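Just so you know, the protein sequences line up as chains E and X, in that order. Residue 349 in this note's numbering sits at position 349 of the first sequence; the count goes up by one each step and never skips. Residue 69 in this note's numbering sits at position 69 of the second sequence; the count goes up by one each step and never skips.
Do not take every clue at face value.
Dumping the calculated SDA-like pairs for lysine to any residue here, alpha-carbon to alpha-carbon at most 20 Å [said to hold, decoys possible]: (1) X/Lys233 - X/Gly267; (2) E/Lys269 - X/Arg216; (3) X/Lys374 - X/Asn38; (4) E/Lys269 - X/Ser103; (5) X/Lys359 - X/Asp405; (6) E/Lys52 - E/Ser151; (7) E/Lys269 - X/Arg169; (8) E/Lys88 - E/Glu157; (9) X/Lys198 - X/Arg169; (10) E/Lys527 - E/Asn24; (11) E/Lys269 - X/Glu264; (12) X/Lys346 - X/Gly267; (13) E/Lys283 - E/Asn24; (14) E/Lys269 - X/Ala105; (15) E/Lys552 - E/Pro276; (16) E/Lys52 - X/His319; (17) E/Lys527 - E/Gln23; (18) E/Lys4 - E/Lys269; (19) X/Lys233 - X/Val295; (20) E/Lys527 - E/Glu31; (21) E/Lys269 - X/Asp405.
Estimated spans, in silico, between C-beta atoms of each pair [what the hints assert, rightly or not]: (22) X/Glu246 - E/Arg51: 45 to 55 Å; (23) X/Glu356 - E/His50: 34 to 44 Å; (24) X/Leu253 - E/His50: 56 to 66 Å; (25) E/Ala221 - X/Asp46: 41 to 51 Å; (26) E/Arg548 - X/Ala249: 51 to 61 Å.
Hints were generated in silico from the structure; no laboratory data involved. Please read all numbers here as calculations on a predicted model, not as lab measurements. Ideal Cβ positions, reconstructed from N, Cα and C, are used throughout, including at glycine.
Read off the chains here:
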Amino acid sequence: MKLKLDLIGNDLALSDAEVAENQNHHGAAGEALDSKRSIVREGWGAERAHRKGKLTAWERIEALSDPGSEVFPVGTLVNWAREFPGSKRQAPGAGVITAFCRVHDRHVMVIANDNTVASGAWWPGTPEKIQRGQEMALRLGIPVVYLVDCSGLFLPEQSKSFPGRRGAGHIFKKNSELSAAGVPQIAGVFGDCIAGGGYMPIISDRVFMTEAAYMVIAGAALIKGAKALQLTSLDIGGPEVHVHQSQCADVRVPDDTTAVALIREEVSKTCSSAVPFYRHGAKPEAPLRSSGEIESLLPKDHRHIYDMREVIARLVDGSLFHEMMPGQGREMITGIARVSGLWVGIIANDPMPHPHPDGRGMRPGGILYREGIAKIAAFSRACNADGIPIVWLQDIAGFDIGAEAEAQGLLGYGSSLIYTNSTNETPMFTVLIRKASGAGYYAMAGHPYEPVVQLSTTASRLSVMEGRTLAIAAYNTKLDENFEIASSDPDERASIAAGMAETEARIEADMDPVRAAAQMDTDEIVKLSEVRRWVELFAEASYQASGRRRIKNPRIWSMHDLAVLTSGTRAAEDRVPQAASLSENRAAPEDGATPVSAPMDGSVWFSPKPGAPAFVEDGAAVNAGDTVGLIEIMKTFSPIRITRGGTWLGAALEDGAAVEAGGVIGWLRPD
Amino acid sequence: MFRRILIANRGEVVSRVMRTAQRLGVEVVALTTDADKNLSFLEGADEVVNLGATRAYLDGPAIIAACRDARCTAVHPGWGFLSENPTFAAQCEAAGITFVGPSGATMRQMADKASAREVMAAMGVPTIPGSDGPLATASKAAEVAETIGYPVLLKAVSGGGGRGMRIVRQSGDIEAAFDAASAEAVGAFGDGRLYMEKLIENGRHIEFQVMGDARRAQVLGERECSIQRRHQKLLEETPSPGLSGESGAQARLDVSAIVVRACEAMGYRGAGTIEMLMDSEGNLYFMEMNTRLQVEHTITEEVTGEDLVQRQLEVAANHFLPDLNAPSGASIQCRINAEDTAAGFKPTPGELTRFELPKGEGIRVDTHLQVGDKISPHYDSMIAKVIATGRTRAEAIQAMKDALDGLVIEGVPTTAPLLRRLLDLPQFNDGATDTGLLERHLEELLA
């Protein structure tokens, strides 16, 4: 029993000018992101490290990773534009790199002190960033590699990184939790490793030290008499001491290059990736429609709508998707697809308007209404029950509001969803494609609900409410029923207008994803064209470790039960809308035309095989008993025969359409 | 690199290892015993630890304690003594001291000669026809001997240096030989198990030098050590005259490739030697692997320009080996022992009253002794190794003649005069060397 996947997505339904505008807009945002990335990557420059005969943190990461593999950094913009008293310079990336890397075909979380930034010192934000990387690895059960080169806390700002529940010491608790959970940890010490830094490698299962490395509770500078004895930190805590005497480390190596090579080798001894196993025989496949096109289809103006199914078509393998419960809550999209050959559940918001279930016309999309909330909660639970990782694609304006929403008890439905997401054990990943507003951001598994990773895109807008909404709320007493300024006094009107504009502008700035990234309210900002590769990473990292979490084989998914209970079997879903709409589209071509009906349920075909000429051409004469088509049921093909002679007027359905017994498949002018 | 190492050995080994270590800026702690404590070269060490008892060079726990006390982080075992003792290697590792050599497990595998044979055969290294593993009984030995054909060689599984070894030429002798060899092996090694090989008489002893960094292995050419007396090597040379010409070059290439594959499969770390025997038809058979540096590593160093001790220390500190130099030219080593060759090579301890060493291009002398030093009756009789190198074998032989002519040792008789005469032997000059050559010509060489 497997879910049938449908090809989704269409060619872009936009003018060339619109496409160009969208591309230019998102392209420019991508370039702005790239320039920030390269500033962070540059750090304070590689010169100092190279002069000491060392590699930079990024060079170590590149050497660690499989040749040609992509490195996925998280927290790149942490501390962006943040100033520190006591330092003339900023701390790009908080002086640490946390990244998903591929090592011997395993995804690992690499946590590397950026030795180009104040010799790898820990700044305010650094401990939290490190812990975030550790948390991701813990949740996924993927190995952690620490590349330690850390001169200790940046002391002028120690009060912001030392104490507190997420203070530096919490890193070692995370080390311990990782170890207790059986997650392999490997550390390489490349240089300074002072005080707290000294603990980070020790809990690791294997510790490599270069000849330039030392680990000390306190450096020689703090030891009485060290100067007279000419003792250096290397003397008191170098590999001589820790590899041989104290045995706090395992292996000494001459230099950075060797250390990295041996760490790679060590990773190769951990469990191999279960990804090929969990692909269940499938091969990874690119989306049929290029993920690069997402930048073309996402409108430049955030108030404009688009079809989220077109985005999904550009994210999933072969653009194949099985939409669950497509008939209900259509502004919420739930479904199953393969990414890198692995099953993932997708929960997305569709900004397109959809009909009100009570038949009261259309209503705006991208909003959580009762049916939609119930649908995504049920789907989220089913994914959890089946061990299918969930990717949340947010473009959500928030919950429905008003008397109807309250009367329906959306607070309750929303809380049920929140409960589900809070207790799910299956890995969840959240991508803020565009809007992430208000409680909708929470309901769609935003950061406070601890997805393994939350990504923003360059188009993300994360806020309690949009600036315009807040301005309306703030100036509520000055506005009329249509939220227009009520006063007729020109001065007062101008002052209200200016105030509202100022509020809007301030919120607009707050919604800049860079701000969220700088304060760790999102894990990473990515370009729209990069989302597919990240989703591949999410899928692979979720299925890498075997034996750690429930992963049901697709035959026994509870998803099937849900499908039957909500909208009947998949075949029935196909049958109703398609047969109905096609029959309508191709009504009797002339008066007196007699319908030819299907002898049984199935899919109808009008030629012996796809692409071959039709059994009977339109307008051709037919005799009783002639075959005009085939009906396919369960891979068995039966001929559809004409019972009386006449002229074949043509098919009423397209090849492959589903039809019920007795349904019209074509038209005949009888003799 | 280690800051301070201990050399768990004595004599010439210490001076050899110390030379490289100190050149690399590594401090050296040397061991001594009451019997050895007056050797003058020990002054060159950064620290000397006297273990007292004559046999203390074999006392692993005492040596490890010395390492700790002297703050050494690695121990170089040299050759002989504990250099092929897997237990000592394991004890070092447990104490956080790096043993400069392969892992204990690899050493254990190779130390048991029967298992070494099996492992090597499984990896495609040709082995001499013989018993699969140890022989349970004398009658089993007789059975195997019938299959492979006489003459056969019985060898102690844990043996070395010719002890626990018997040649059997006919079926009638096998039982007595088995019992005698087994009893000798129990006495010498505490292990009476024997295995059997077809005896290849007057073959060439050719050994391949390997260096591995636990991932990649490299062969640095071969050495021929056919000039032996009772399985004790007296003269070694590289390249082997047995591997001359096009077919020799091809054989060298083929065997090297197999050896590399086998050592890489073992994850071999450090220096090692694959000893092989070449029969009269030019077939090479695996005999054993020495998981350490050899006494005769010197000639490989001379033709490659590599310092093998340095490479050993590097791989022990987890360096990856670079591409090592390929050999070129020819080199010969003569072992100058304090032995009375006329009196059955009886070791002759005593004081060096004159000790003048040859100098010159292509001449190297490795020794730990100086005039006035006493050669102890408690240890081996090695005085010096004289190494001569040239572009060709003929050049190397000429250089060695000059070197031995310039060597003056008084106070003890040595092997030098015998070796000097050997250099004039036509068969030696023709490269017609085999393990019986010296003994066949012993009388004329002593005359």
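Hints, verified against the model:
1. The hinted pair formed by lysine 233 of chain X and glycine 267 of chain X fails the criterion: a straight-line CA distance of about 29 Å is larger than 20 Å.
2. Under the criterion of a C-alpha separation no larger than 20 Å, the hint pairing lysine 269 of chain E with arginine 216 of chain X is consistent with the structure, at around 18 Å.
3. At most 20 Å may separate the alpha-carbon atoms for a hinted pair to count; lysine 374 of chain X and asparagine 38 of chain X meet this at roughly 8 Å.
4. Only pairs whose Cα atoms come within 20 Å are accepted, and lysine 269 of chain E paired with serine 103 of chain X is accepted, the gap being roughly 18 Å.
5. Distance check on the hinted pair: lysine 359 of chain X and aspartate 405 of chain X sit about 11 Å apart at the alpha-carbon level, within 20 Å; holds.
6. Distance restraint check for lysine 52 of chain E and serine 151 of chain E: the Cα-Cα separation of roughly 15 Å lies within the 20 Å cut-off, and the hinted pair is therefore satisfied.
7. Restraint check for lysine 269 of chain E and arginine 169 of chain X: the C-alpha separation of about 52 Å exceeds 20 Å, so the hint is violated.
8. With a C-alpha separation of about 13 Å, the suggested pairing of lysine 88 of chain E with glutamate 157 of chain E holds against the 20 Å cut-off.
9. A C-alpha spacing of about 10 Å is found between lysine 198 of chain X and arginine 169 of chain X, which places the hinted pair at or below 20 Å, so the restraint holds.
10. Under the criterion of a C-alpha separation no larger than 20 Å, the hint pairing lysine 527 of chain E with asparagine 24 of chain E is consistent with the structure, at around 13 Å.
11. Note on lysine 269 of chain E and glutamate 264 of chain X: the hinted pairing holds, with a Cα-Cα distance of about 17 Å set against a maximum of 20 Å.
12. Distance check on the hinted pair: lysine 346 of chain X and glycine 267 of chain X sit about 41 Å apart at the alpha-carbon level, beyond 20 Å; violated.
13. Of the supplied pair hints, the one linking lysine 283 of chain E and asparagine 24 of chain E is violated, its CA atoms being roughly 34 Å apart against a limit of 20 Å.
14. Restraint check for lysine 269 of chain E and alanine 105 of chain X: satisfied, since their Cα atoms lie roughly 19 Å apart, inside the 20 Å limit.
15. Annotation: proposed proximity of lysine 552 of chain E to proline 276 of chain E holds, straight-line Cα distance about 15 Å (limit 20 Å).
16. With a CA separation close to 19 Å, the supplied pair lysine 52 of chain E and histidine 319 of chain X stays within the 20 Å bound.
17. At most 20 Å may separate the alpha-carbon atoms for a hinted pair to count; lysine 527 of chain E and glutamine 23 of chain E meet this at roughly 12 Å.
18. The suggested pairing of lysine 4 of chain E with lysine 269 of chain E is violated, with an alpha-carbon distance near 38 Å, which exceeds 20 Å.
19. Only pairs whose Cα atoms come within 20 Å are accepted, and lysine 233 of chain X paired with valine 295 of chain X is accepted, the gap being roughly 10 Å.
20. Taking the CA atoms of lysine 527 of chain E and glutamate 31 of chain E, the gap is near 9 Å; set against the 20 Å cutoff, the hint holds.
21. For the hint linking lysine 269 of chain E to aspartate 405 of chain X, the alpha-carbon distance of about 58 Å lies beyond 20 Å, and the restraint is violated.
22. For glutamate 246 of chain X paired with arginine 51 of chain E, a C-beta distance near 52 Å keeps the hint of 45 to 55 Å intact.
23. Glutamate 356 of chain X and histidine 50 of chain E have their C-beta atoms about 52 Å apart, which leaves the hinted 34 to 44 Å range violated.
24. In this structure, leucine 253 of chain X and histidine 50 of chain E break the distance hint of 56 to 66 Å, their C-beta atoms being roughly 41 Å apart.
25. In this structure the hint that alanine 221 of chain E and aspartate 46 of chain X lie 41 to 51 Å apart at CB is violated, the actual value being about 28 Å.
26. A C-beta distance of roughly 56 Å is found between arginine 548 of chain E and alanine 249 of chain X, which places it inside the suggested range of 51 to 61 Å.
Checked against the numbered hints given earlier, this structure breaks hints 1, 7, 12, 13, 18, 21, 23, 24, 25; the rest are met.
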